[in-house]
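Trainee: Now for the letters of each chain:
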Amino acid sequence: MTLDRVKKGQSVKILSISDGLMRIQAIRFGFAEGAVINCEEVIPAGPIVIRRCGQQVALGRQMAGKINVAIN
Amino acid sequence: MAHCHGPDLTETIKGDKRIVLAGNPNTGKSVFFNYLTGLYVDVSNYPGTTLEISHGRIGNDVVVDTPGVYGISSFNDEERVARDIILSADLVVNIVDATNLERDLFLTQQVIDTGIPVLLVLNMMDEADRHGININVALLSELLGVPVIPAVAVKKIGLSEVKDNLPLARPGNVTPGVQHLLDAMIGRVANKGEALLLLEGDQIISGRHGLEPGEYREEIYSRRRERVNIIVGHAVEMASERKSFSQTLSGLMIRPITGIPMLALILYGMYKAIGVFVAQTVVGVTEETIMIGMFEPAVRGLIGEFTALDSPLGQILAGEFGVFTMTFTYVLGLLMPLVAGFYFFLALFEDSGYLPRLATLVDRLLTGMGLNGRGVIPLILGFGCVTMATITTRLLASERERIIAIVLLGLTIPCSAQLGVIAGILAGLGGQYVAVYVLAVFSVLVMAGTALNALLPGNSSDLLIDLPPLRVPRLDNVIRKTATKSYNFIKEATPLFALGALLVSVFQLTGILKFLQNLLAPITVGFLNLPPEAATAFIMGIVRRDFGAAGLANMSLSSIEATVALITITLFVPCIAAILVLFKERGKKEAAIIWGGSWVVAFVFGGMVAQLFDLFGQENSATAPLVMISFILMTTIVAAVSSVVKSRKRKSIVV
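For the protein sequence lines, the chains are A and B, in the order given.
Each residue of the first sequence is one higher than the one before, counting from 37 in my numbering.
Each residue of the second sequence is one higher than the one before, counting from 13 in my numbering.
Treat the hints as calculated values from the structure; they're not laboratory data.
Treat the hints with caution; some may be incorrect.
What the hints assert, rightly or not - Pairs of lysine-lysine, DSS-like flavour, derived with a Cα cap of 27 Å: (1) 493(B) x 503(B); (2) 49(A) x 255(B); (3) 661(B) x 102(A).
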């Protein structure tokens with residue numbers, strides 16, 4: 037499934053990111069493929085807020101749709 | 013390519029050694045910079061950008077600051093500037109947030125991979141302690157191969173250690189698997205740093221050497237990420253964290269149910285502080301008492317010594333729109349308090365970490381207008397100064413988003429100076445007219461945004477924004493930022509005001525003002541239902557939008573007339589400065605369309621409000637609500653049509 041379908045509070049593992057530029061930025065932020073992240077907040081029809089260790093990042097919903105994850 | 017070789021700044025700042033401070037955003041770099049350089053700091057614009065780079069001295073060496081970045085490549089202006097300055101460094105002092113090592117060490121490792129000697133500073137060690145993060149400093153230093161100094165900059169812990177240990181900076185351990193790639197490249201370019209960025213496919217660096225950009229970016233990035241994760245895994249212990257108050261607050265700020273009321277409360281607080289306290293009480297003293305009461309008579313007295321005040325020259329220098337009277341009364345008496353008040357709030361937003369949360373909250377709303385949440389930042393800045401905000405649209409990811417943001421800024425966002433005057437007039441009209449004004453301007457914002465989103469080719473980028481921990485802003489920092497920005501504003505605005513004053517005086521003396529007034533009369537009188545003199549305010553509004561609004565304040569208008577005039581004048585593209593920047597940023601053709609378009613939109617919608625009031629009967633208590641309903645309907649229709657057009661387009665691309 038994709039990250040935009042994850043529910044608040046769930047912990048997921050990133051399997052793949054289908055957008056090239058996004059993949060590069062994700063590596064820099066620390067949530068590359070293989071990383072386990074926590075879904076902190078899902079804004080209705082809006083961004084997904086994820087946390088990995090101390091870091092929080094807000095991702096647009098469409099972008100979240102390009103990230104394949106599995107429930108951890 | 014805009015600049016084909018190294019930037020001038022790297023050559024103009026000379027010293028025995030070049031020490032460069034680098035780090036992610038919000039790591040507290042500025043405290044170290046100020047400590048190392050002391051009082052004597054130069055701020056200069058980086059060539060080809062609007063970024064201001066500070067540099068100072070320590071002994072015979074020079075210290076250069078860089079913008080906060082997550083890595084060095086060419087994703088945006090900040091990164092390009094940071095990249096060039098870091099590549100020119102003799103040693104890099106890398107400041108990292110000890111609570112966020114997994115993210116921050118990516119930049120550290122990238123700098124280490126360039127072969128430049130590094131001194132690593134672990135800032136915010138106290139916060140790391142509080143969060144139960146335990147860092148083995150010696151092991152971290154061993155794994156990275158560079159000296160590591162723990163610090164708490166705001167409590168002045170570790171500052172002198174950084175200064176004393178500068179000579180110990182050394183090249184660290186290159187990411188495993190990258191060295192052999194570098195070896196193959198190193199003979200072809202000047203240094204290891206450029207070789208690395210070439211391999212990482214940096215377009216600009218490869219352009220400078222006339223080489224093809226490398227294809228190893230993803231491979232090197234992945235290896236580096238892996239390396240950083242291993243280092244953090246070994247050197248950092250993390251206790252499971254319990255939810256802190258700031259995390260709870262952060263959640264409340266980005267959830268619409270609680271976030272929107274909080275935003276409303278903050279805006280109301282700002283309105284009370286800037287719109288009421290500063291615009292009325294403070295400006296009352298600075299403009300009326302000091303500038304008009306004391307400064308202007310003094311200037312007139314002085315100029316009266318040399319020439320008669322009612323002569324054309326006397327009028328130009330010290331008349332109603334005099335170069336030496338109006339310019340300073342406006343800039344120092346009226347604008348400076350408003351602008352400073354606004355920048356004070358802006359600094360609070362920046363330092364507390366509220367802006368990225370606001371971007372998250374409004375992302376959904378802005379995607380409908382072809383922007384992502386990040387677009388709220390220039391729009392908010394626009395309430396301070398539209399000119400500066402236009403320049404900051406450079407932080408948006410695509411040209412498409414920049415055009416949309418610039419149009420919305422020019423069209424619908426009144427700047428702090430204008431807002432002060434508008435708030436003053438609106439306050440006298442009563443609630444329903446305030447509502448009509450706000451709704452009409454907001455409707456135009458939504459209609460313009462959704463229509464542009466449908467009409468412009470391509471798609472906008474998605475939100476990706478780091479949410480730094482919420483922090484209580486430090487007052488000294490906030491005040492310093494406010495002072496710097498206000499000073500820069502005055503420096504840039506004063507010559508333009510003098511020019512504007514000169515133009516209006518000349519127009520008035522030669523009768524051109526009267527001629528233009530008559531020329532506009534069919535629109536002003538016939539369509540907007542305003543008295544003919546209102547045209548003067550519009551003409552003045554071309555010079556400065558707030559100038560126009562001020563002109564309206566001195567006319568006796570009915571509530572409806574005032575509302576119509578204010579809506580029209582708000583929708584104009586703002587002052588000469590903003591227009592100049594618009595032409596500089598967007599080129600002649602596009603800028604001319606945007607500028608001309610704003611005139612059409614301003615008069616069409618101003619006139620529409622006037623005609624609707626006429627249609628529903630002027631004196632009826634249901635009139636204002638009916639006007640508002642009409643605008644809501646119109647906006648809904650435009651938004652709906654736009655979204656249909658947009659989705660059709662998207663489908664046709666897929667097919």
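Trainee: Is the hinted pair residue 661(B) and residue 102(A) satisfied, with a Cα-Cα distance of at most 27 Å?
Mentor: Status holds; Cα separation ~21 Å.
Trainee: Assess, step by step, whether the Cα of residue 493(B) is no farther than 27 Å from the Cα of residue 503(B), and give holds or violated.
Mentor: holds (15 Å)
Trainee: Verify the proposed pairing of residue 49(A) with residue 255(B), using a straight-line Cα cut of 27 Å.
Mentor: With Cα atoms ~22 Å apart, residue 49(A) and residue 255(B) stay inside 27 Å; holds.
Violation of the numbered hints given earlier is absent; every hint is satisfied by the structure.
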